[in-house]
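Full structure from sequences and hints, please.
Line by line, the protein sequences give chains R and Z. All residue numbers for the first sequence refer to this note's numbering, where the first residue is 1 and numbers rise by one. All residue numbers for the second sequence refer to this note's numbering, where the first residue is 1 and numbers rise by one.
There's no promise every hint is true.
Okay, the calculated beta carbon distance ranges per label pair [said to hold, decoys possible]:
1. R/A18 - Z/R171: 34 to 40 Å
2. Z/V242 - R/A115: 44 to 50 Å
3. Z/R171 - R/S128: 25 to 31 Å
What the hints contain is simulated information worked out from the structure, not anything from laboratory work. Where a beta carbon is used, it is the ideal one built from N, C-alpha and C, also for glycine.
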Amino acid sequence: MTGKTVVALEGVTKAYGATRALDGIDLAVQEGELLSLLGPSGCGKTSTLNIVAGFVEPDAGRVLLDGRDVTRQPAWRRGLGVVFQSYALFPHMTVAENVAFGLRERGMPRREAEARVAEALALVRLPSAGAMRSSQLSGGMQQRVALARALVIRPRVLLLDEPLAALDRKLREEMRAELREIQRAVGITTIFVTHDQHEALGLSDRVAVMNAGRIEHLGTPREVYQRPATGFVADFIGASSALEGRALDGATVELAGGQRIAVRLSRPLEAGAWVRLLIRPERVEPGDGGPNTLPARVTSAMFLGDHSEVRLELPGGVRVLATVRGAAVIEPGERLTVTLPPDAFLEAP
Amino acid sequence: MIARLVVLALVLFMTLPTLVVVVASVNSTAILSFPPQGLSLRWYENALTYPQFRRAAVNSLVVTAASAALALPIGTAAALALVRYPVRLRGLWNTALLSPLVIPGVAAGLGLLILAARLGLLANRGVLIAAHVVLVLPFVIRSVMVSVANLDPLLERAAASLGARPRRVFRRVTLPLLRPGLFAALLFAVIVSANEFVVSLFVSTRVTEILPVAMFTYVVNYTDPTMAALSTLFVAATFAAVFLADRLLHLARVFQIEEHR
Chain R
1 MTGKTVVALE
11 GVTKAYGATR
21 ALDGIDLAVQ
31 EGELLSLLGP
41 SGCGKTSTLN
51 IVAGFVEPDA
61 GRVLLDGRDV
71 TRQPAWRRGL
81 GVVFQSYALF
91 PHMTVAENVA
101 FGLRERGMPR
111 REAEARVAEA
121 LALVRLPSAG
131 AMRSSQLSGG
141 MQQRVALARA
151 LVIRPRVLLL
161 DEPLAALDRK
171 LREEMRAELR
181 EIQRAVGITT
191 IFVTHDQHEA
201 LGLSDRVAVM
211 NAGRIEHLGT
221 PREVYQRPAT
231 GFVADFIGAS
241 SALEGRALDG
251 ATVELAGGQR
261 IAVRLSRPLE
271 AGAWVRLLIR
281 PERVEPGDGG
291 PNTLPARVTS
301 AMFLGDHSEV
311 RLELPGGVRV
321 LATVRGAAVI
331 EPGERLTVTL
341 PPDAFLEAP
Chain Z
1 MIARLVVLAL
11 VLFMTLPTLV
21 VVVASVNSTA
31 ILSFPPQGLS
41 LRWYENALTY
51 PQFRRAAVNS
61 LVVTAASAAL
71 ALPIGTAAAL
81 ALVRYPVRLR
91 GLWNTALLSP
101 LVIPGVAAGL
111 GLLILAARLG
121 LLANRGVLIA
131 AHVVLVLPFV
141 IRSVMVSVAN
151 LDPLLERAAA
161 SLGARPRRVF
171 RRVTLPLLRP
181 GLFAALLFAV
191 IVSANEFVVS
201 LFVSTRVTEI
211 LPVAMFTYVV
221 NYTDPTMAAL
231 STLFVAATFA
241 AVFLADRLLH
251 LARVFQIEEH
261 R
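Okay, structure coming up:
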């Protein structure tokens, strides 16, 4: 990452009828980075992508590409590569013709175009699929062809709209890793739209978590996971349990069951205020050993191979989700003690 | 067993008139009768050499070709607009464009006749062509609409993102993918136009009349089997056209592709 801004959105708004799809989006995508737009359906992530691609014009605001205002420029002039969830391969063309489409539009001589197509197909590890029809390919292969078709024109920016959502799980994980490798190898600035937090966290240099037409948090995967800017972000990314209670002083909270727990938050609490704390399941530690050691009862346990997901009830009826590593047998009804480290808490606004 | 008999009876019933005409056309006597009294091809000779039939055949070719050539682009544009774009009063447009299907030919023909007379265009073949365009449009629009509805708009977006300007997107993506619908539309247009009679009767003169009208005029005046011979040729020509279309354009295959989507 060189820190140069390639794509910038400034105050972009878009409404469809009475619904505000985008409500003042500001975003700067840096040279060579992979930035994810992450959010639930209807959050505006695809609208944002469509506006960057030039498929949709914003109602207000500007889109800048390398500092140039391209807000009113049609998609075909922008020179961006787009990969769609449904792949959108041309069914009346072979794989090679699909990949060559953009090159032909640029008037590239046939021989040169053939060489570039072969190069692109090799990049996505489909060197001998050129003569096939897209209908003969599996979903994963179609995905690769779509990627090759978008990359072969050497676009300034690569836009990926839920490119992995239509694949089954195992393939999706493979493609995720491969996509990242290709993106790194080509060094192309990429905007990646997804509703899958694992994809966003695992793939991105930065993640923009979107909700209701706004960007709630823009940061590295670690930042949005460990220090979510809003309650929505904390809730949407990763699992978390909420504990409610009253602040006794800046760093102590009394829970509903009367337990007093010490917390270390980014800012001190206001004494007497009602607070909502969030804790990630993997931060709930079984056994005692810290300041906040509490008795708990197992209400349910789900064995998931390398870990178990355990639902706990603290005295006073507070429910907490915990991840327990390893293959230990945990039965519902079992009593155990857990430790909630003070720095594990997040404050939900 | 009973089902088979019913199907057989139906097929017989549907093809019987044609069979009767074919048999009557080789009758050697000068009366349209069934069964024939002897065998002869003289009525074919008569049909092919009768000047008015020759003129009408040429007229038919011109009118059908022109109306298909006009109705195809108009109908395609209308189908795209009706399916794709947020057209205001879509229902009204839909009904208006498909209305020739339900308006009786007599009414449409009479209306066109009055209009043509008022404009002094009665002897003009243009009126006939215009009438045929209107009559085949519903078939063209319907056929193309099915293909448009099957066409994924993302394909056009993908093409645009790859640098294709709208005209190029249309040529390289939209049009090729509409091909099945366009073929069906062309076939319908040709068949409907070639067989159109009622409206054409109103707006054609002796000089501009098309084959079905000429045949009707003939049968009003003469009762020899020339008509049967010509009808047989007409049927054969239609069959040949559909068969060729099927062979050359792989209609069956393109239709299948559409079903699978």
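Here is what the structure says about each hint:
1. R/A18 - Z/R171: 34 to 40 Å: holds, 38 Å
2. Z/V242 - R/A115: 44 to 50 Å: holds, 46 Å
3. Z/R171 - R/S128: 25 to 31 Å: holds, 30 Å
Hint compliance for this structure: no hint is broken.
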